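*Asks:* Here are the chains, one letter per residue:
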Amino acid sequence: MLKYLRIAWQRIRRAPYQTAAALSVMTLTLFLGSVFFLLAAGSDMVLRYFESRPQINAYFKTDYLPDQTAVDQLTRKLESTQKTAAVRFISKEDALKIYQEANKSDPLLLEAVTAGMLPASFEVSAKDPRDLKVLAEILKQEPNIEEVSYAEDIISTLTVWINSIRIIGASLILAHVFITFIVIILIIGMKVSVRREEIHTIRLLGAGGSYISVPFIFEGMLYGIGGAVISWVVIYTLLLYSTPFLVRFLSGIPVLPVPILFMAALLGGELLLGVLVGGLGGWLACRRFLKA
Amino acid sequence: MVTARSLTKKFGPITALEEVSFEVAPGEFVFLTGPSGSGKTTLFRLILRDISPDSGSLSVNNQDVSAILGRNLPKYRRAIGMVFQDYRLLPDRNVRENIALPLEVRKIKPTDIQAAVKIAMKMVDLESRAHLFPSQLSGGELQRVSIARAIVGKPKLILADEPTGNLDPKTAKNIVKLLRDIHSELKTTVIMATHNADIVNQNGVRVISLEQGKIIKDSPQGKYA
Chain F
1 MLKYLRIAWQ RIRRAPYQTA AALSVMTLTL FLGSVFFLLA AGSDMVLRYF ESRPQINAYF
61 KTDYLPDQTA VDQLTRKLES TQKTAAVRFI SKEDALKIYQ EANKSDPLLL EAVTAGMLPA
121 SFEVSAKDPR DLKVLAEILK QEPNIEEVSY AEDIISTLTV WINSIRIIGA SLILAHVFIT
181 FIVIILIIGM KVSVRREEIH TIRLLGAGGS YISVPFIFEG MLYGIGGAVI SWVVIYTLLL
241 YSTPFLVRFL SGIPVLPVPI LFMAALLGGE LLLGVLVGGL GGWLACRRFL KA
Chain L
1 MVTARSLTKK FGPITALEEV SFEVAPGEFV FLTGPSGSGK TTLFRLILRD ISPDSGSLSV
61 NNQDVSAILG RNLPKYRRAI GMVFQDYRLL PDRNVRENIA LPLEVRKIKP TDIQAAVKIA
121 MKMVDLESRA HLFPSQLSGG ELQRVSIARA IVGKPKLILA DEPTGNLDPK TAKNIVKLLR
181 DIHSELKTTV IMATHNADIV NQNGVRVISL EQGKIIKDSP QGKYA
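The listed protein sequences correspond, in order, to chains F and L. Numbering-wise (this note's numbering), the first sequence opens with residue 1 and increments by one. Numbering-wise (this note's numbering), the second sequence opens with residue 1 and increments by one.
Calculated directly from the structure, the hints in this document are not laboratory data. Hints may be right or wrong, so weigh each one.
The calculated EDC-like cross-link candidates involving lysine to aspartate or glutamate, where the alpha carbons are at most 16 Å apart (straight line), are [unchecked claim]:
1. Lys3(F) with Asp92(L)
2. Lys3(F) with Glu97(L)
3. Lys3(F) with Glu104(L)
4. Lys191(F) with Asp92(L)
The structure displayed is predicted, hence computed values, not measured ones.
Based on the sequences and whatever the hints tell you, model everything.
*Replies:* The structure is reproduced here in structure tokens:
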């Protein structure tokens, strides 16, 4: 194995321009693949974040104080639809606590607000975002409820975006994998062709197909490994560099920093894809010649 | 060792070999003579199963060459040592590595390869050139490397296709002496193609003469026809 690797490495070193071309296209493909993968994974987390948040907020009139019977009655009414994931009543005191927590750094705002100024409310999450409208309608029919707001639009828009990212990403990755595959076949095919005489001699000396093809397969795999490592380093550097900005941009949504284990898995995925594309390209490049 | 019966090979309209029949016994040293284009190289290519005959049969070591399956070809070829006129050494491998090649393709242990290569290099007197690359060697040295590569795997048959064709008379004589020594020492069957009359006439061994793809003479202790 080591001998084959040494031969492959030697061939890579001796053709720097071909190596640069193969590495560039491999790196670009794996870079794009990783970017779309990160985007898809990130937006999935954002979606899950929004789905886990209360999706409907129903505010009672400020001067209305619902008693426990009214709260229980409405809770049962909502739960009887079997469309709710969670129903929570927020009393005026709870609302004040939430307000105080959110504004603890601003004493002026804390002083000015009392529980009586804040409305009691219901926080409702649906099992399926498509049911939000039905649940919101039930709440709107309550005479003491003044305002109902729900995040149906955010979730459905996000779902559309995520699906688009997945489809565009997968199409782009497939196209790039195909281009990379062709480039690897071309580059290794050129090398096989240049060594046609040499390979013919080796075959006459009794070499089997694997002795000839394995170094070319390894060469393709090395392009894959090189491309994976380079693209991963670039991605990780860009991600680390832009993390402070992204954290501000996605305020409150716990997407960043990306866990190191996730990045390690990404590297593993890139290596696997690179080695597969490169190895298969190398094998196909010499297969035709060996068959002749 | 080698038996050809009515062997015919055509390349398009050109007949390279026509109805060629002969037999070479194990341990024999045979000169295959004839002018360029007489079919010597074609015959070697047929023996190596680099090409297949159009008709006739060829057997090597009691094995029908045409019947060998593709996957068994490497094993078959490993029993034949081939010396090329143009040496066909790998330019990016040094003398030692070139000689080791036939053993390397058989996946033999590195220590065993090292020992066998050392013996082969000693036989062709190239020990001092072990680390040089083909571009750093003279014609005679290149041919000796090619011979060492052919004998290192202890083949039963050596095919030498005009091994002296590119060499000066003195070096050519030494190369033939080397092949004769190997033949008598290892008892290997050797078929050497040449169109050098001096070499043939000085050695007094069997000569098969080809012309325009046909055997015109096969004499046990022949002279160049």
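*Asks:* Broken hints, numbered, in rising order?
*Replies:* none
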